[in-house]
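In this text, residue positions in the sequence shown follow this note's numbering: the first is 1, and each later residue adds one.
Accuracy of the hints is not assured; some may be wrong.
Below, computed lysine to any residue pairings styled on SDA-like, alpha-carbon distance capped at 25 Å [said to hold, decoys possible]: (1) K156 x H85; (2) K103 x H85; (3) K99 x Q23; (4) K99 x R46.
Cβ pair distances, simulated, as ranges [as the list claims (entries may be wrong)]: (5) F80 x R133: 20 to 28 Å; (6) D77 x S173: 34 to 42 Å; (7) P98 x E141: 35 to 43 Å; (8) G91 x D70: 17 to 25 Å; (9) P163 x E78: 39 to 47 Å; (10) A176 x E125: 22 to 30 Å; (11) E125 x I32: 34 to 42 Å; (12) T81 x Q162: 18 to 26 Å; (13) P40 x R88: 18 to 26 Å; (14) E78 x T42: 36 to 44 Å; (15) H85 x E125: 29 to 37 Å; (16) V95 x A176: 25 to 33 Å; (17) A129 x Y109: 14 to 22 Å.
Hints are computed from structural coordinates only; laboratory data are not their basis.
Heads up, the beta-carbon is just placed ideally off N, CA and C, and yes, glycines get one too.
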Amino acid sequence: MFQRLFGRERQLNRAITDALYGQIVAAARQEILYSQWNVPDTPLGRFEMLSLAMFLLQNRLVGETGPAADVAQVLIDEFFTDVDHSLRELGISDVGVPKRMKKLAKMYYGRTATYADALERGDREALVAALARNVRPDEGEWPEAESLAAYAFRVKEGLAAQPSGDICAGRLSFPAAA
Numbered sequence: 001m002f003q004r005l006f007g008r009e010r011q012l013n014r015a016i017t018d019a020l021y022g023q024i025v026a027a028a029r030q031e032i033l034y035s036q037w038n039v040p041d042t043p044l045g046r047f048e049m050l051s052l053a054m055f056l057l058q059n060r061l062v063g064e065t066g067p068a069a070d071v072a073q074v075l076i077d078e079f080f081t082d083v084d085h086s087l088r089e090l091g092i093s094d095v096g097v098p099k100r101m102k103k104l105a106k107m108y109y110g111r112t113a114t115y116a117d118a119l120e121r122g123d124r125e126a127l128v129a130a131l132a133r134n135v136r137p138d139e140g141e142w143p144e145a146e147s148l149a150a151y152a153f154r155v156k157e158g159l160a161a162q163p164s165g166d167i168c169a170g171r172l173s174f175p176a177a178a
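Full structure from sequences and hints, please.
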């Protein structure tokens with residue numbers, strides 16, 4: 001037991017989690033998202049892109065069992081730990097963090113249900129509308145939502161082609177947005 005808690009297995013699991021989460025963050029921070037597709041480069045805009053990237057990987061792992069299901073859970077835990085840390089870095093007080101976390105978790109799970117439905121049905125228009133509503137809620141028109149939706153469909157296909165074993169080993173590749 002101590003070997004699992006403190007030994008090589010724990011270090012290997014941490015390395016895999018870090019590698020996978022690093023790829024998710026890199027996908028969410030691609031410059032084109034902010035410079036050409038007009039995603040707001042704000043904490044909320046970055047949350048939206050990180051949520052989208054996290055959702056796309058979680059969507060890939062839905063229905064998996066064994067190590068892949070464990071990886072999916074560890075990554076969602078890592079995501080919410082990162083969000084909590086980011087709120088604290090933004091100066092949100094210890095008292096305010098739980099309330100904000102609850103709101104952000106509700107936002108995340110609401111979005112994922114909508115995105116999953118649109119992707120499952122292959123409904124690009126529904127995904128465009130959901131992305132526009134969530135990423136640029138104050139904009140009447142956001143033409144770049146079409147590019148982001150097309151990218152989400154490409155990511156879905158790209159992740160589907162990656163074997164679960166590779167993902168569980170920390171080898172993950174998101175297609176480039178460009």
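Between E78 and T42, does the beta-carbon spacing fit 36 to 44 Å? 22 Å, violated
If you check the beta carbons of H85 and E125, does the distance land in 29 to 37 Å? Given about 36 Å between the Cβ atoms, the range holds.
Cβ separation of V95 and A176, checked against the hinted range 25 to 33 Å: 41 Å, violated
So does P40 sit 18 to 26 Å from R88, Cβ to Cβ? 21 Å, holds
Has the hinted range 34 to 42 Å been met by the Cβ atoms of D77 and S173? 22 Å, violated
Are F80 and R133 spaced within 20 to 28 Å by their CB atoms? Holds - the Cβ-Cβ distance for F80 and R133, about 23 Å, lies within 20 to 28 Å.
A129 and Y109, beta-carbon distance inside 14 to 22 Å? 19 Å, holds
Should the hint that T81 and Q162 are 18 to 26 Å apart at their CB atoms be regarded as holding? Once the Cβ atoms are compared, 24 Å apart, the range 18 to 26 Å for Q162 and T81 holds.
Take a quick look at whether K103 and H85 sit within 25 Å of each other, Cα to Cα. The given pair, whose Cα atoms are some 15 Å apart, holds under the 25 Å limit.
Check the following: the C-beta atoms of G91 and D70 are separated by a distance inside 17 to 25 Å. 34 Å, violated
Kindly confirm whether 34 to 42 Å is satisfied by the beta carbon distance between E125 and I32. 22 Å, violated
Take the C-alpha atoms of K99 and Q23, compute the straight-line distance between them, and say whether it is at most 25 Å. Roughly 28 Å between the alpha carbons, so the hint for K99 and Q23 is violated.
Violated hints for the displayed structure, listed by number in ascending order: 1, 3, 6, 8, 9, 11, 14, 16.
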